[in-house]
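K.L.:
Throw the hints in and build the complete structure from the sequences for me.
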Amino acid sequence: MDSQVDIQVVEVTGKLRVDMEARRWCLLPYPGHSKGCPNFGKRRTCPPMVPEVGHLFDLSGRMWFVFMPFDLGAQAAKMRGRHPEWSERQARNCLYWQGTVNKALRMYATFFASRQPGSIVTYCPEAMGVHVFDTAEAVGVPLERVPMRLVRKVAMVGDPHV
Numbered sequence: 028m029d030s031q032v033d034i035q036v037v038e039v040t041g042k043l044r045v046d047m048e049a050r051r052w053c054l055l056p057y058p059g060h061s062k063g064c065p066n067f068g069k070r071r072t073c074p075p076m077v078p079e080v081g082h083l084f085d086l087s088g089r090m091w092f093v094f095m096p097f098d099l100g101a102q103a104a105k106m107r108g109r110h111p112e113w114s115e116r117q118a119r120n121c122l123y124w125q126g127t128v129n130k131a132l133r134m135y136a137t138f139f140a141s142r143q144p145g146s147i148v149t150y151c152p153e154a155m156g157v158h159v160f161d162t163a164e165a166v167g168v169p170l171e172r173v174p175m176r177l178v179r180k181v182a183m184v185g186d187p188h189v
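Using our numbering, the letters of the sequence shown correspond one by one to residues 28 to 189.
No lab work stands behind these hints, which were simulated from the structure alone.
Check each hint, because a few of them may be wrong.
Said to hold, decoys possible - The calculated label-pair distances, taken between Cβ atoms and stated as ranges, are:
no. : residue 1 : residue 2 : range
1   : 105       : 145       : 40 to 46 Å
2   : 126       : 100       : 31 to 37 Å
3   : 40        : 114       : 20 to 26 Å
4   : 42        : 109       : 40 to 46 Å
5   : 57        : 85        : 31 to 37 Å
If you're wondering where the values come from, they're calculated on a predicted model, not measured in any experiment.
Ideal Cβ positions, reconstructed from N, Cα and C, are used throughout, including at glycine.
P.N.:
Structure (structure tokens):
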């Protein structure tokens, strides 16, 4: 993990940006996936199967983003050192780091949620229609859209919709 950037928990109550178009970002093509994410429509945590944010979370209640940082630049440098024949894309491939970062995010967000009585957690708020980039910007934590150095994985904790 990046020793220069700590895990952050930032309250987003009243600043959450909801945009149902965010659910469609999963359909955008990326290298090796011309039709977007292969999990779209297959996993219950992915659109369109996952409920919209307002169906699970109380949008007028308390909400927080948990930001888990990862130094992708250092990871890529380490992988290039181990595998000098690799391309930049191979050195940054999420297969080599994302599982560890996601596990740490789940552990920390679950711990934080346990301190907020009755709260619930999602580890993929954009799948529910949360515009993570705009919300993060609104609370002073800008995210790199195409991260070259620092990746921040995001979970959302909040009150459930009743």
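K.L.:
Between residue 42 and residue 109, does the C-beta distance stay in 40 to 46 Å?
P.N.:
holds, 41 Å
K.L.:
State, for the Cβ atoms of residue 105 and residue 145, whether the hinted interval 40 to 46 Å holds or is violated.
P.N.:
holds, 41 Å
K.L.:
Between residue 57 and residue 85, does the C-beta distance stay in 31 to 37 Å?
P.N.:
holds, 33 Å
K.L.:
Between residue 40 and residue 114, does the beta-carbon spacing fit 20 to 26 Å?
P.N.:
Because 43 Å falls outside the window, the suggested range is violated.
K.L.:
A range of 31 to 37 Å was offered for this pair. Does it hold for the Cβ distance of residue 126 and residue 100?
P.N.:
Given about 19 Å between the Cβ atoms, the range is violated.
In the structure shown, a violation is registered for the earlier hints numbered 2 and 3, in ascending order.
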